[in-house]
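J.: Here is how the chains run, residue by residue.
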Amino acid sequence: MTHVLSSLLVTASVLFGAVASAATLTAEFVDGQGKPLTDAVLTLQGPAPKAEPALKADMDQRDQRFAPHVLAVRTGTQIKFPNSDNIRHQVYSFSTPKRFELRLYGGTPSDPVLFDKPGVVVLGCNIHDWMLGYVYVTDDPWFGVSDDKGTLTLDQLPAGHYSATLWHPLAPDMQPVSGGEFDIPASGLRQRFSVAVQPKGDDMPAAPPSSAFGDAFHKAAHE
Amino acid sequence: MKLRTSFQARIAGVLIMLLLIVVVAVFLAVKAATQDAVRKQAQAQLEVGTRVFEGLLEMRGKRLRDAVQLLSADFGFRDAVASADSATIRSVLLNHGARINANDMFLLGMDGTVLSSTVAQIPEGTPFPYIQALRDLRSKNQSMLIVPLQGQPHLLVDSTVMAPLPIARVVMGFSMDNDLAQELRSLSGLQVSFLSVVHRLPGQIISTQPEALFESLRGVMMSTSSDHMQMTEHQSQSFLSKTLRLGSISDSDSDVVALLQSPLDQAMQAFAPLDEKLFWITLVALAGSLIGTLLLARSVSLPVRELAQAAQRIGEGDYSTPVVLARSDELGLLAGAINSMQSGIAEREQQLAHNALHDGLTGLPNRALVMERLGSAIAAKRAVALLYLGIDNFRAINDSIGPEGVEQLLQIIGEQLLLPLRPGDTVARLSGNEFLLLVHNAGTDAAVAVADRLQRLLLKPQRIGEHDIAMDACIGIAVYPANGDSAAELLQRASIARQDAVQMPGRLQVYEDGRDLAHQRQISLIRDLRQAARNGELMLHYQPKLDIRNGRVRQAEALLRWQHPQFGNVSPAEFIVLAERTGSIQILTNWVIEESMRQLAEWARRGLHVQLSVNISADDLLGGDLPDRVSDLLKLYRVPAEQLIFEITESAVMREPEQSLNVLNRLRECGISLSVDDFGTGYSSLAHLKRLPVQELKIDQSFVRNLDETSEDAVIVRSTIEMSHNLGLKVVAEGVEYEHSLRLLERWHCDTAQGFLISRPLNAVAFEAWIAKSHTSPSLMVH
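One line per chain: the protein sequences are B and P, in this order.
If you count the first sequence from 1, position 185 lands on 185 in the numbering used here, and the numbers rise without skipping.
One rule links them: number in the numbering used here = place in the second sequence (from 1) + 223.
No lab work stands behind these hints: they were computed from the structure.
Predicted model, so just to flag it, every value in this text is computed and none were measured.
There's no promise every hint is true.
In silico DSSO-like cross-links for lysine-lysine, where the CA-CA straight-line distance does not exceed 30 Å [claimed, not checked]: (1) 149(B) x 35(B); (2) 363(P) x 200(B); (3) 200(B) x 285(P).
Taking beta-carbon pairs under 7 Å as the criterion, some of the chain B residues facing chain P (in silico) [to be verified]: (4) 78; (5) 94; (6) 118; (7) 127.
Positions of the beta carbon are idealized from the N, C-alpha and C atoms, including for glycine.
Turn these sequences into a full structure, and let the hints guide you.
T.: Given below as structure tokens:
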């Protein structure tokens, strides 16, 4: 498979504040066709390390989906997998950075799962094949995931020189790519990132369509 | 009988042939229809079966894929695969593969590399050979691959191992073994065979067919390229076959071929009872028609045979047995016709038989019947006398009473002839005036007595119309056994006796021995006489006639002589009578006249001038052409008519006086002198002679031979001479043998003498010499 990586266009408007004051990076993600790209992960390596007191995160399961779809965490984060559905899930991952399995459960399991190695951890549910979630574990201090509009805003960044790494679940071979290096002035920076993505493969099983029986069952269960 | 067999056989043959044709046609039509039906059925079966087969295979593929997908979704399996531990992966493959009875298991990386394999041919680390085909499956909406693997066709299905993203591909192979083939067979109803081909080499064959056919099946599967239907034969079993290429790889070297076959023989077997029934129906129909046609033919041929026998009976002369055929059809009509024909033939044959054996006029038996009766009498050696009766004056009677009167008379004769006979004797009519009487147990004397009585009876005048007719019967008698021992001989001798009887005063003659020899000689003479002139057997002799007054010989009579090659010299008295009787006298006369003229001409050239007398018969006078012929000959030979004298007898002139007179007058006009010969033997009178244009009269030698002065002959001769002279006729005396006779004649002034005294008849040369000598010494002549 050929990987065409489009050039990184930087049309940044840098917003500078005071040197001591924090700057804001507003990143816009687009795919190869220039459409806003959601669920894109941006990590930044900056001028100074960031102290992170509590490394905790939640990966919820709602409507038989992982929420969020993509979760970026710092290495060593404890992630809880609360279950907001009224059915049980069995969350697992065979990914090398973190192999784990949460036996069939409902509600919030008692123990969070520690993600202590950087990398991509693909989450699945053993009884709902279509449930797919990603945990991006990074060593970089600054990171974020683009929203529905393909934008991500990182604030409280010290102004300075940063190197960016980009990742997206549909990136070729799910490998992170470099987002380039740039200076973020105190006034902040508006940066546009283009990430090449592959179309969604057919391999993934789709969620079963709602059936009359399912609807009736659902209704009965809720009354 | 040949008629019967051939007729029957022909009818039967035709009908059976027709039946056979119909049956064969029906049989062939049925056969063709069943075969067609079987083929169509087989074709339909094959088509349906093929669809079922393909459907089943597809279904099986789906089932297997689903099973593999289910398997690959198993958490433990995924866990194991994700463990990346080769031994674990291998064991889980074997374990889970066994769950769904897979034969071969592979785990592939997403890039197609073999991660784990249970097949030695495809080791780990190598690219999986069918990876591209597997990737294309989904886009082709297919669920499985069919590939040759380890010499056997295999179904390959795959599934992605999701964790939950695809991490690997598990591929399971299911060999298409005998069980599958059997299952497909039981569901599709077709014989199923599989064959894997690798590098154009056939692998092991898997088939529901018996092993004996494998070799032949392999041939079909290897050779056939397209998947159309065809008829194949394997060890004399017929199949409708279809080859399917199942191989999923577009590699022509290797392939998986399926052969689907619908057995035709089995389907044909279903129609065997029909064939059998048809056969029996045919047999029964043939037998029935054979019997039927034989009966039919028999019903025709038996009566025909009977009719044929009847016809044969009729042919053999049996007219009494009618043919009995109680039928109202054409054959019955024919039988009736034959019966009426039979009676008709009988009637007519009887009539014919009667006509054949009886005289139509008198109703008396005819010659054939009397001869038959004579023959049977001879055969029985019974004495029998045969009387041959002729009516002598029949001609005169005929002239006076006419044919109708004759018929009446003949019937009367027939009745009268029966009177002196006893019952059992036969009277037959032979011809116009001849009858034959057969008298049994009679010798010559009895026969003569009967004959005498017959003559007397017939002499009694019968009144026919205006006339009283007395019949002058002349009867010849021959008796058995004295006069012969065959019917023909007796008849002939009776006939000879009758001819002899004519000369007899009593007009009755019994046959005398040797008469038939004389009769034979007569017949020979009559026969040979006609050729005598042509054969040069005739010659003329010349007897000098002496002119008594001057003692010179200036005349001669030409006398005919016949040198017969068998009998020698035949007397004119014998053959002239025969010639007159048979009518060949004219031939002789013509020859004599011509020869005489020729001789006269010859002599004239040598200076000898003689007057020749030639005898002319009555027949010559009746034919009117004599004068012309004589006139022509006179001119031809340049002989003066005066040198010829024609001598005619009285009786010749008497027969047809008018006609004769006419001829004589014309001869006289030619200048020929005429003489009356044999004067005195007939009944003619001198008055009658006066009417004739004659110049001479010849006194018959019977008066002259013994002439002397005192005899009665002398008176006759002398008065005849005187009367003749008075009538102006010259007189010739014949038969002068003695000197004194000549002297008497001289004294009575007879003009000419002829006889041995002067000279016997001489041939031409001798006569010429005699004349020459008489001239030198005439005295010798006269006295």
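J.: Could you check the structure against the hints above and give me the numbers of any it violates, in ascending order?
T.: 4, 6, 7
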